[in-house]
Amino acid sequence: MTWLTWRQLRLQALTLGLLAAAIVVVAAVTGPNLADAVTGNSSPYDQLTSTDRTLFTAGIVVLAVLPALLGAFWGGPMVARELEAGTHQLAWTQSVTRRRWLATKLGLTTAIAALVVGVTSLAITWWSSSIDGAVSSASGALPERLTPVSFAMRGLTPLGYAVFAVALGALVGAIVRRTTLAMAITLAVFIAIQIAVPIWVRPNLIPPTIETIAFSQKTFAGITIRGDQLLIELHTPNRSDWVIANETIDTDGDPATVPEWFRDCLPGVDGGNTAPTRVGNEDPLWDCLTQLTDAGYRQRLVYQSADRFWRLQWAETSTYLIVSALLALASYWWIRHRLA
Amino acid sequence: MTTILEARGLGKRYGRRWALQDCTVDLPAGHVTGLVGPNGAGKTTLLNIAAGVLSPSTGTIEVCGKRPASSAAQLARVGVVAQHTPIFAALTVAEHLEMGARLNLTWDDALAWRRLDALRLDPKQRADRLSGGQRAQLVLTLALAKRPELLILDEPVASLDPLARREFLQGLMEAVADNEMSVVISSHLVSDLERVCDHIIVLVDSKVRVSGDVETLLDTHYRLVGPRRDTTRLPSDQHLVEARSTDRQSTFIVRTEAPIADPVWSVSRIGLEDLVLAYMSQPTEGPRGRPLEVAQ
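Chains as they are written, first to last, in the numbering used here: chain L, 1 to 340; chain F, 1 to 296.
Hint data in this document are derived by calculation from the structure and do not stem from the laboratory. These numbers were taken from a predicted model, which means no experiment stands behind them. Cβ coordinates follow ideal geometry from the N, Cα and C atoms, glycine included. Incorrect hints may have been included.
To be verified - Here are the simulated distance ranges between beta carbons: (1) R102/F to A58/L: 22 to 30 Å; (2) G17/L to E6/F: 49 to 57 Å; (3) V26/L to R17/F: 28 to 36 Å.
As the list claims (entries may be wrong) - Just so you have them, the derived chain L footprint on chain F, three or more residues with Cβ under 8 Å: (4) 53-64; (5) 182-193.
As the list claims (entries may be wrong) - Far from chain F by the CB rule (all over 10 Å, computed), these chain L residues: (6) P32; (7) Q94; (8) S95; (9) V96; (10) V197; (11) E211; (12) I244; (13) V302; (14) L312.
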């Protein structure tokens, strides 16, 4: 059965292997120079060439897209194509039980997917490690590795997503029995989950830290004006932390809107400005913030601290792997009881 | 009669629709059984359950003494040529044989390659480039090389041209002659089965209408043509299968072991095709709807 599964996958598997190898080579060649250029520099972002920034973005894109494609092109057709072509009848009437048939197909496919994505992620994570969260003394920054922009494309998580996407595709294919439909549904469900997880699941995989912080020059991150709303943002002592919620609270500890007088106090803010505006670090600002503090306002931050990166990686990856195992069991159940 | 397949009250339901309902059938060991019936009778469902591809919703079935697909060992004892003879499009002919060799507990590689040579199939040919006849032959080769105790063929020649049809059935007959195995082959065309089968089962609406040895059936069925008569006036040893009457004339098909004495009738033998059609056209309900077992 391994032979047959490999025979059906080998062309795509080798193509993917070449892609992964190419990424490893590019990372190995450009990585050390990149690290030399930024290490110890107080303004590492400014040391980056446009090629560096493009490669950084490309790394994120590749790891965002790869698991989705594996789910659609390996997972979706895995069972559906056999059902569509009737070849399941040929396979199931050799001396191969359905359990072994599915276990081998799913096992080998997810293993190859995990290997390819794992190696790719390792290379990209290593390459990016010297510049993740790089800031500039003037303007511009790269996302921190713990923020949603990067977290899912670093370390172990892409491997978990790839396994999950393939297992999801296999189940969807067994249920809908049509290859193209299975591919489309797999892709749609996978994307929806990848959007939902950073919003609702990841922040709570490990209970986040909740901290009430006073307004000060040290903690101030910026002010955003969105229509009538004026939002103050602070940051935690470590700028690499992933701040999940950033809200102003009143003396009772309830979420509050910033009072009207604060807006009037601020330098250079027009009342009817609809476009988001950031106000820079000007001296009168500190007076206003002090007044706000005196009036009893504080800022409540919910965040995951940067040192939890690997704990969160393990937690999320193992969650995806457990769900994948459940999906595999569901596929087996479906094939045994609904397809047969 | 030893049986290679025993089904009792077998049923398969899809939602509210029954593809097969309350089907009870025995398949004799050591025979080539033709399974005939109109489209929708449940032939394919029955054979798919027997092959282990489908599992029944109700009833029990044993093939080679075990529940189908209950183990690799059971699967090894059954060879299957599924309807539409599915193959892996991207695999070559030789790779199909390699698959068979790797996926089966018993595999006669010499037999497989001998058949490939005899069929003049190019081992390097991709399977999706094969003609319908070659494709069916390849699937038959895979099934035969398992050295099965029971070979199941579901409408294997339905989509083949007459020449390919004859070649396929010829190959099947040779294989049956060379190997000790039971065979069941389904078709809605009796003419396909006439030359290969020594046993026939007529299945209509999931029910066995008649099951018996072809020779015996042909020896005990007659067509009676004579002046119009009431069907109730037949002697008790004559079992009426089909009756057609015009104003003046009656045509009966009857089964009887005894010679027909009544001089009113002009008596003739009937062919297998007419015999099968007579049983297929019987009404489902009524005393004559009971399945008929003919002694071997």
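Now the hints, each set against the structure:
The hinted range of 22 to 30 Å is not satisfied by R102/F and A58/L, whose Cβ atoms lie roughly 41 Å apart. Hint check: G17/L to E6/F, Cβ distance near 51 Å, so the stated range 49 to 57 Å holds. Roughly 57 Å separates the CB atoms of V26/L and R17/F, a value that falls outside the hinted 28 to 36 Å. Residues of the segment 53-64 of chain F with a Cβ under 8 Å from some Cβ of chain L number 3, which satisfies the need for three, so the listed coverage holds.
For a cut-off of 8 Å, the count of residues in the segment 182-193 of chain F with a CB near a CB of chain L stands at 0, and the three-residue condition is violated. Listed as outside the interface, P32/L is consistent with that label: its C-beta sits roughly 43 Å from the nearest C-beta of chain F, beyond the 10 Å cut-off. Distance check for Q94/L against chain F: the nearest CB is about 4 Å away, which does not clear 10 Å, and the non-interface claim fails. Once the 10 Å rule is applied to beta carbons, S95/L is inconsistent with being away from chain F; the minimum gap is 4 Å.
With a minimum CB-CB distance of about 5 Å to chain F, V96/L fails to clear the 10 Å threshold, and the non-interface call is violated. Once the 10 Å rule is applied to beta carbons, V197/L is consistent with being away from chain F; the minimum gap is 35 Å. The Cβ of E211/L sits about 57 Å from the closest Cβ of chain F, beyond the 10 Å cut-off, so the non-interface label holds. For I244/L, the shortest C-beta to C-beta distance to chain F comes to about 47 Å, beyond the 10 Å cut-off, and the non-interface label holds.
Distance check for V302/L against chain F: the nearest CB is about 49 Å away, which clears 10 Å, and the non-interface claim stands. For L312/L, the requirement that its beta carbon stay farther than 10 Å from each beta carbon of chain F is met, with the minimum near 42 Å.
Comparing the model with each earlier hint shows violations of hints 1, 3, 5, 7, 8 and 9; every other hint is respected.
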